[in-house]
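Modelling step: build the complete structure from the supplied sequences, incorporating the hints.
Here's the letter readout for the chains.
Protein chains: 2
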Amino acid sequence: MFDLFFRKCPFKGEFALFGGLQEALGLISHFKLSDEDVEFVRSIMPGIDPGYVEWLRGIDCSGIRVHALKEGSACFPAVPLLRLEGPLAIVQLLETPLLCLVNYATLMTTNAARIVKAAGPGKSLLEFGLRRAQGPDGAMSASRYAYAGGFHGTSNVLAAKMLGIPVKGTHAHSFVTSFTGLDDLTVRGTGTTVKAEDGTEHDLAAQAQACLAELGFGATNEGELAAFVAYCRSYPKVCLCLVDTYDTLRSGVPNFLAVALALHRLGHKAVGIRLDSGDLAGLSVSARAMFVAAGEKIGDASFDPAKFVIVASNDINEKTLAALNAQGHEINTYGIGTHLVTCQAQPALGGVFKLVEINGNPRIKLSQDIGKVTLPGRKQAFRLYGKDGAPILDLLAEAGAPPPEVGLRVLCKHRSDAKKRCYVTPSRVELLHHLVWADGKLQAELPSLHAIRTYAQEQLALMPAACTSLSSPETYKVAVTEQLHTGLHDLWSKESSIRELE
Amino acid sequence: MFDLFFRKCPFKGEFALFGGLQEALGLISHFKLSDEDVEFVRSIMPGIDPGYVEWLRGIDCSGIRVHALKEGSACFPAVPLLRLEGPLAIVQLLETPLLCLVNYATLMTTNAARIVKAAGPGKSLLEFGLRRAQGPDGAMSASRYAYAGGFHGTSNVLAAKMLGIPVKGTHAHSFVTSFTGLDDLTVRGTGTTVKAEDGTEHDLAAQAQACLAELGFGATNEGELAAFVAYCRSYPKVCLCLVDTYDTLRSGVPNFLAVALALHRLGHKAVGIRLDSGDLAGLSVSARAMFVAAGEKIGDASFDPAKFVIVASNDINEKTLAALNAQGHEINTYGIGTHLVTCQAQPALGGVFKLVEINGNPRIKLSQDIGKVTLPGRKQAFRLYGKDGAPILDLLAEAGAPPPEVGLRVLCKHRSDAKKRCYVTPSRVELLHHLVWADGKLQAELPSLHAIRTYAQEQLALMPAACTSLSSPETYKVAVTEQLHTGLHDLWSKESSIRELE
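Protein sequences, first through last, are from chains A and B.
Counting with my numbering, you get residues 20 to 521 for the letters of the first sequence.
Counting with my numbering, you get residues 20 to 521 for the letters of the second sequence.
Heads up, a few of these hints could be off.
Which copy? The list can't say, so a pair holds if one copy fits it or any two copies do.
Cross-link-like lysine-lysine pairs, in silico, DSSO-like; alpha carbons within 30 Å at most [to be verified]:
(1) 256 to 496
(2) 496 to 89
(3) 51 to 27
(4) 187 to 89
(5) 142 to 391
(6) 338 to 27
Please keep in mind that the hints were generated in silico from the structure rather than gathered at the bench.
All figures in this text were calculated on a predicted structure; none of them were measured in a lab.
Spelled out as structure tokens, the structure:
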């Protein structure tokens with residue numbers, strides 16, 4: 020019996036959200052060595068036992084049983100995310116691939132949830148991390164678990180296609196710099212016309228130029244204006260213009276407003292702008308003020324530029340979000356790449372996979388580092404809820420022991436410090452682990468990525484706010500029963516030698 | 020014409036090693052949208068122009084030309100790693116995938132090289148990062164570029180198989196904890212015998228127990244001894260024992276020495292031990308002293324335990340390596356996972372992809388952040404070498420301008436600060452970019468991963484030591500010619516509006 024768990028919540032926080040179960044079960048379902056794999060193992064292990072080679076050819080996970088938390092669950096140190104039982108040698112082979120699939124997934128889901136929380140209510144969060152991930156598949160994992168953690172979309176089109184995540188994005192800076200002036204629209208064959216809602220053709224370039232003057236703006240970068248015209252004539256209903264290529268407030272925003280007004284008069288509607296450099300809070304406030312002023316100047320109630328969306332990107336993380344909120348801003352949506360996908364504040368979750376029982380005997384791993392001592396034995400985990408409906412603590416108990424009951428007081432002990440203990444009288448008891456794999460097949464239909472995302476949000480909402488706080492959170496208690504506590508300390512004494520001090 | 024470059028060397032250093040070219044060219048060779056891809060794009064872009072859909076069906080990279088640095092090259096800010104020219108819309112589609120393939124590869128190659136350097140000469144470095152990478156493919160990239168940067172092996176068996184990297188590793192803690200005593204060897208059918216060099220069978224368990232007493236050790240953990248016997252009877256020539264499961268110096272090292280002595284007497288040879296927790300420097304010194312004492316106690320010149328290998332792992336990074344070296348230790352080999360593969364000190368390289376010329380016109384991207392202004396125009400890059408054979412600086416020049424010549428003085432200017440300039444009289448001039456893709460095919464055979472690794476090491480050895488220093492390095496100069504400098508500043512003035520201050 021092996022437990023997969025972590026010892027410390029990531030990002031100096033006091034919660035995590037479990038990710039990676041679906042992919043872990045994919046591995047377990049398909050775990051098999053090809054003849055080529057077996058030959059490779061033979062080639063790198065001189066003197067390998069031929070019986071072992073034969074055994075390798077036949078291995079699969081049909082003899083394994085897996086219990087797991089639901090994907091998206093709020094999860095805490097020492098509570099197993101996965102519990103595996105089955106033939107020792109096979110389960111040991113799964114250690115590293117399972118950790119690979121669960122560690123980053125859980126880290127990313129948690130990171131995404133924290134960033135969504137840091138952005139504050141009503142904000143939209145887009146994952147922009149493909150270019151900064153650990154190669155293409157690292158990026159796919161990032162997109163998947165960013166969405167599971169509560170992000171609203173991705174710019175990764177392949178992830179959108181394969182995982183059904185909403186896809187969002189803007190054009191590139193290079194799209195803007197590729198235009199030197201309005202002539203390019205003709206010279207390059209892009210064209211300047213756009214079809215109005217009524218089907219008639221109009222010269223968007225000429226109308227945007229007229230709108231620039233009407234709005235009272237001075238000279239702007241003409242190449243940028245051409246780029247916006249080219250973009251908006253192709254996507255007159257969904258255009259979001261990147262405005263910081265030359266000068267955000269003196270060129271980008273005026274050019275955008277001019278094109279947006281021209282589009283409006285043809286029955287279309289621009290979406291907004293994206294800021295990608297500079298003082299994002301200040302620029303967003305200034306841009307919003309320019310939107311409002313433009314609306315007042317035009318004085319047409321149907322043209323309401325004050326509501327344009329402002330998207331911000333550029334190295335945004337939890338801290339910059341807190342700073343933006345403290346400063347005050349007009350940003351509606353964030354595009355977040357590097358800090359999200361690399362989990363810059365803590366790029367790895369230290370999940371581990373430890374043997375806790377063999378042939379009915381509990382096993383322990385001791386360590387010079389006391390925090391690395393494992394919790395031996397086959398365990399069940401319960402989440403005990405209080406009267407207010409919020410979880411009070413997670414309780415680990417020996418498997419087979421009678422579960423805690425609603426309304427009955429139960430003694431809960433700290434894992435290592437015997438003096439830290441409390442009584443809990445739960446109003447609700449939730450068994451945390453579910454059998455997900457046995458008899459060579461999945462034991463239940465797996466939820467969709469969308470369902471996991473919804474569940475993760477419900478879990479976060481359910482936890483005590485003090486534990487999910489981003490700054491100075493309180494520790495959510497993970498306790499053990501009296502019986503488990505005794506078992507741990509008996510085994511610890513038994514397996515460690517008593518030092519002779521001379 | 021697009022340049023792919025970065026603006027700042029990673030890890031507060033002053034060098035990087037270029038990685039990812041082979042994978043980037045793999046993308047370029049196979050770049051094509053399937054019918055399914057095109058249908059997906061159509062589904063997410065309502066109102067898409069049918070001509071655009073048709074165009075998407077036919078795209079490939081046959082019209083693209085790519086120049087690149089050699090993979091493994093020492094590389095510096097602003098010097099393009101890749102230069103792409105070809106149809107604008109296609110090159111723009113390559114922006115994000117190319118950045119994805121080059122950013123992490125370059126970061127990892129550089130990180131690995133720094134860690135090898137931090138470990139010091141004569142040390143062996145093993146990549147142990149699979150469980151902490153961004154999913155399985157992130158881990159494959161990590162293994163590949165750790166090796167390119169100078170690591171000596173990986174514990175990732177798939178990477179070993181697919182990329183030809185030497186594979187190294189030890190057993191797991193769970194292998195040790197799975198044994199409760201020597202009886203398990205019989206009960207579980209593992210067996211206790213081992214074949215000596217002369218073909219005779221011997222009871223390794225009994226002999227190891229006798230050796231424990233002969234070496235004068237007290238009681239050790241018997242389950243651990245059983246695990247070492249089981250492991251060493253299977254791999255009597257290559258066994259490396261993980262000694263920290265219960266108590267490194269009182270159980271792990273004695274058990275290892277006992278088994279190693281027993282093996283020695285049967286004509287075999289153990290490899291050494293692995294430390295995975297505690298004070299690694301102190302434990303390595305103590306373990307080495309125990310090895311030496313065991314050799315003296317046995318007094319058989321053919322048994323030389325002082326030379327056993329000591330492998331250390333457990334959250335090692337550049338800083339801990341420096342601390343270990345300052346403290347003094349007896350470690351021969353490091354296994355490094357988390358900090359290596361996540362590049363914890365800086366988990367992303369900020370490589371960007373910028374349009375620098377279109378239809379013969381140089382283009383620029385301005386920014387609120389002056390460091391984000393691009394270097395316009397089609398450029399060549401030269402590395403100018405001094406009399407001592409070391410590079411003096413990299414010089415960017417307009418393409419087509421006459422190249423610098425050996426023995427002729429050339430004026431080299433700072434990119435933005437006109438007052439910073441110098442004359443260089445090169446003893447050797449190296450053209451840095453090579454045509455790698457044109458006419459729809461590779462322009463030269465790509466070097467193997469091993470050759471890239473060798474080249475990277477040569478490059479590091481060639482650079483001025485002050486620039487590759489890990490702490491307080493000097494900046495390696497990247498200069499521009501007078502002509503390029505003028506072009507940059509003329510275009511900058513032209514594209515930026517002059518503010519009206521009132």
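Structure-based check of each hint:
With identical chains, the CA atoms of residue 256 and residue 496 are never at most 30 Å apart, being 51 Å at best within one copy and 48 Å at best between copies. Taking CA atoms no more than 30 Å apart as the test, residue 496 paired with residue 89 passes inside one copy only; the shortest distance there is 19 Å, against 54 Å between copies. With identical chains, the CA atoms of residue 51 and residue 27 are never at most 30 Å apart, being 33 Å at best within one copy and 44 Å at best between copies. For the homomeric pair residue 187 and residue 89, the shortest alpha-carbon distance inside one copy (29 Å) is at most 30 Å, but the shortest distance between copies (35 Å) is not.
Taking CA atoms no more than 30 Å apart as the test, residue 142 paired with residue 391 passes between copies only; the shortest distance there is 27 Å, against 40 Å inside one copy. Taking the closest pair of Cα atoms, residue 338 and residue 27 come within 30 Å of each other both inside a single copy (21 Å) and across two copies (22 Å).
Checked against the numbered hints given earlier, the structure breaks hints 1, 3 and satisfies all the rest.
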